[in-house]
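Participant: All chains should be modelled from the sequences, with the hints used to inform the complete structure.
There are 2 protein chains.
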Amino acid sequence: MNHPVPPLAVRRRFPAALFDALKSRFGDRATSAHAVLEHHGRDESPFDPQLPDAVVYARSTEEVQAIVTLCGQYDVPIIPYGNGSSLEGHLLAVQGGVSIDLSEMNQVLAINAEDLTVTVQPGISRKQLNEALRDTGLFFPIDPGADASIGGMSATRASGTNAVRYGTMRENVLALTVVLADGRVIKTGTRARKSSAGYDLTRLFVGSEGTLGVITEITVRLYPQPEAVSAAVCAFPSMGDAVRAVIETIQMGVPVARVEFLDSLAVRAINRHSNLSFRESPMLFFEFHGSEAGVAEQAGIVQEIVAQNSGADFEWATRPEDRSRLWNARHSAYFAMLQLKPGCRAVTTDVCVPISRLAECVVETEQDLKASSLPCPIVGHVGDGNFHVAMLLDPAKPEEMEEAEAINHRIVQRALRMGGTCTGEHGVGLHKIGFLIEEHGEDAIGVMRAIKQSLDPKNLMNPGKIFSFAA
Amino acid sequence: MNHPVPPLAVRRRFPAALFDALKSRFGDRATSAHAVLEHHGRDESPFDPQLPDAVVYARSTEEVQAIVTLCGQYDVPIIPYGNGSSLEGHLLAVQGGVSIDLSEMNQVLAINAEDLTVTVQPGISRKQLNEALRDTGLFFPIDPGADASIGGMSATRASGTNAVRYGTMRENVLALTVVLADGRVIKTGTRARKSSAGYDLTRLFVGSEGTLGVITEITVRLYPQPEAVSAAVCAFPSMGDAVRAVIETIQMGVPVARVEFLDSLAVRAINRHSNLSFRESPMLFFEFHGSEAGVAEQAGIVQEIVAQNSGADFEWATRPEDRSRLWNARHSAYFAMLQLKPGCRAVTTDVCVPISRLAECVVETEQDLKASSLPCPIVGHVGDGNFHVAMLLDPAKPEEMEEAEAINHRIVQRALRMGGTCTGEHGVGLHKIGFLIEEHGEDAIGVMRAIKQSLDPKNLMNPGKIFSFAA
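Taken in order, these protein sequences are the chains called A and B.
All letters in the first sequence, in the order written, are residues -13 to 457 by this note's numbering.
All letters in the second sequence, in the order written, are residues -13 to 457 by this note's numbering.
Calculated from the structure, these hints are not laboratory results.
One or more of the hints may lead you astray.
Copies of the same chain look alike in the list, so a pair counts if it fits in one copy or across any two.
[Claimed, not checked] Restricting the straight-line Cα-Cα distance to at most 25 Å, the calculated cross-link-like pairs of lysine to any residue (SDA-like) are:
1) Lys327 x Ser358
2) Lys173 x Arg400
3) Lys173 x Leu119
4) Lys113 x Gly239
5) Lys173 x Ser454
6) Lys356 x Asn257
7) Lys173 x Gln399
8) Lys173 x Ala436
9) Lys173 x Arg435
10) Lys173 x Gly427
11) Lys444 x Gly432
12) Lys173 x Gly420
Facilitator: Structure representation (structure tokens):
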């Protein structure tokens, strides 16, 4: 596989003295075993792995601080590692260095049920968190599909199926503890719901992809479990019809909790993978949260909008087990799609456009994909204007990667032309460095670089991500 | 009046050549007329005015850019000026310089009704904006009481009565155009509802109080006018009872649109000012938004919670004119309170605490105030844990200012001890520079300063605010 990793994959020197120092402090939790490096030098992106020089399993903010301080003394890069589910090459050690594995920092530090907040360590996954909250009557809604770590979700400003109602990590992180490049530890906020106390450091670190510091504690907002939940699926004759139904739903102000789009190829994939029998046409999956009466009211309005947009086969899932079946199928869509082409990898697009342009953007993209030799199923968090094309390619065929990159490029250009963004929720990583400049312009990127430079002058924090810095 | 302006009120040199250059470009829109300087050297804070050297009325981003560039050439400070309603000394020219008046930049640039967004110039006020939206079926909910400019509200991360349901400026600004200290112009985002494209520059500038650049365009989210709106007031035997009713309402997840607290002194003030006859005891003002059924359901739950917390005199305002009367009274509370003590000025506190600590914080504060010689009415956006004490003092008596500052200090200490913030919505300005350090710690302030330094190395953008930089 010849996927081009950006040209700055220049490994830096990794001094034996640093490894010795890490071993002496962390013992077996500091390792250079090849299998461990292999595991930490990859993510769910199509990039070939780039191995770190060492992996250290940290157990506390103080330990992270010690690792960062040591690495700083030797000018060695640091890459925070959560659950490995990122999609844009965030975890690849393109300049070598130390991968800090945070999976052992997976504790719930404080549930403040009365305040609807919880403080956690970064390695806890969203499912683990919701498991820990089970008896409180509260839940953490952000759901990017993968069972990502809360630290990783903060670092990429993740969102997913529930964002249309509950917002993204941007709206739901209240405060962070961060280890900076120079080893200082800061808290970026309090547990107050709002604050005008100085620059919004919380939002600066949310989405910074490990390039400004290592997140070691996160306080997020929680929500009361809705009294009633109902889900529904329905099929449409065309993608345009489905998307127009969504647009009208949002514009009416219906507070849908989830509204997910799948094209017919994506439906075929989940039918096969999850043993379902949906009609293989464009579909919407809805979920409604509220009181019994509120859910019924929302569902009634949406059913009417769907009918006006030629939707059919409206099917309800009110029992929890039916809903689980439905959302498990949706969540396994990524892996289900990979199975459409045995041995393939996926290059996934992630544009997000103003919702008034969504139908146009999706329909133009559908036309564009018709000319492709690659299977390209489409799924989307369409209530936010965000959709993904998974381009399934044979890693042994460079021409397929080229084709996928060309399609991705056209999709991003289309989204930017329509006032959208190159990444709704996956982040920049290695893959969208060029697109980021197109989206923001050189001057805004200059501001981002100035901030990076001021907080990490030696460029040790996840170097090569977001910006193409020279080593 | 002897209120201490921080020691760095060191005026910088204002070269005649700069004024000549401004006059030659802007004609009568560049002025040093004393009355105009007087008007621009003050805000609603208790600080004595500090006059700028000149005021320039800008009409476009390009004009702002020209002013910033000229000032940069002469090392002269810049202070963006909206409607003058800030409360913490944000607009005072403590180092002299040019006040850029943005009130003529008050146009709506684009209403994107389908996307629920609008793009405006910074000088438009929230009332003007809602007037412009009247025929769209949409509204902009953020409501800090004063008819502040949208630019100023962005710069202070304002919120107000509706934030409990609709969030603050943090959640509602989608994108900004900003003129940086070096004259470059950047756009910080797109109209997409969410994005993971690099550092969150939008949130960095929201709340930066003019210290990082001048905001010249703002895109904010809009909301469909609710189908039904209902408001209610009720009285409580004690502040603790009222606040506990609010806490239970929030914890139940009732999506109240507004829930405002007034203590008995504040009620007396609005009774007198607005010719009302509420019982002079602690009160809550509620507003509910939703469908007819949804509003009825919310109101029913809240009525039950209120009854369980000894609330009485539940009075409904369902007709628009009754609601206007109610909220006009609430919005005039600040001026109504000033009339409790003729000739007084107000020092207003602005702490916000996790809601589980709100009753404790308010009750301790009430005890504390009993010992004071100053009238100190309390109002609060209690759904967010945010409340204000207006300490009414005679500007001719330094001992009253000292007393007010001592009370403020104790309230902030109390809030910080309870995990809260020194400012929920008013910002830091000149007044909370010290509290900011207590709240965040030196290291986090160091990060803020590093960002400031990297974007404004000559400290020309609203110097002396947020941080106590030397001139």
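Participant: Evaluate each hint against the coordinates.
Facilitator: Results of checking the hints against the structure:
1. Lys327 x Ser358: within (15 Å within a copy, 76 Å between copies)
2. Lys173 x Arg400: Result: close only across copies, 19 Å inter versus 39 Å intra.
3. Lys173 x Leu119: within (24 Å within a copy, 40 Å between copies)
4. Lys113 x Gly239: between (29 Å within a copy, 22 Å between copies)
5. Lys173 x Ser454: Classified as between: cross-chain Cα gap 21 Å, same-chain 28 Å, threshold 25 Å.
6. Lys356 x Asn257: within (22 Å within a copy, 69 Å between copies)
7. Lys173 x Gln399: Between. Shortest inter-copy distance 18 Å satisfies the 25 Å Cα cut-off; intra-copy 38 Å does not.
8. Lys173 x Ala436: both (22 Å within a copy, 16 Å between copies)
9. Lys173 x Arg435: For Lys173 and Arg435, the Cα distance is within 25 Å both inside one copy (22 Å) and across copies (15 Å).
10. Lys173 x Gly427: For Lys173 and Gly427, the Cα distance is within 25 Å only across copies (8 Å; inside one copy 31 Å).
11. Lys444 x Gly432: Both: 17 Å inside a copy, 18 Å across copies.
12. Lys173 x Gly420: Answer is between; shortest inter-copy Cα gap is 17 Å, intra-copy 32 Å.
Comparing the model with each numbered hint stated earlier shows that all of them hold.
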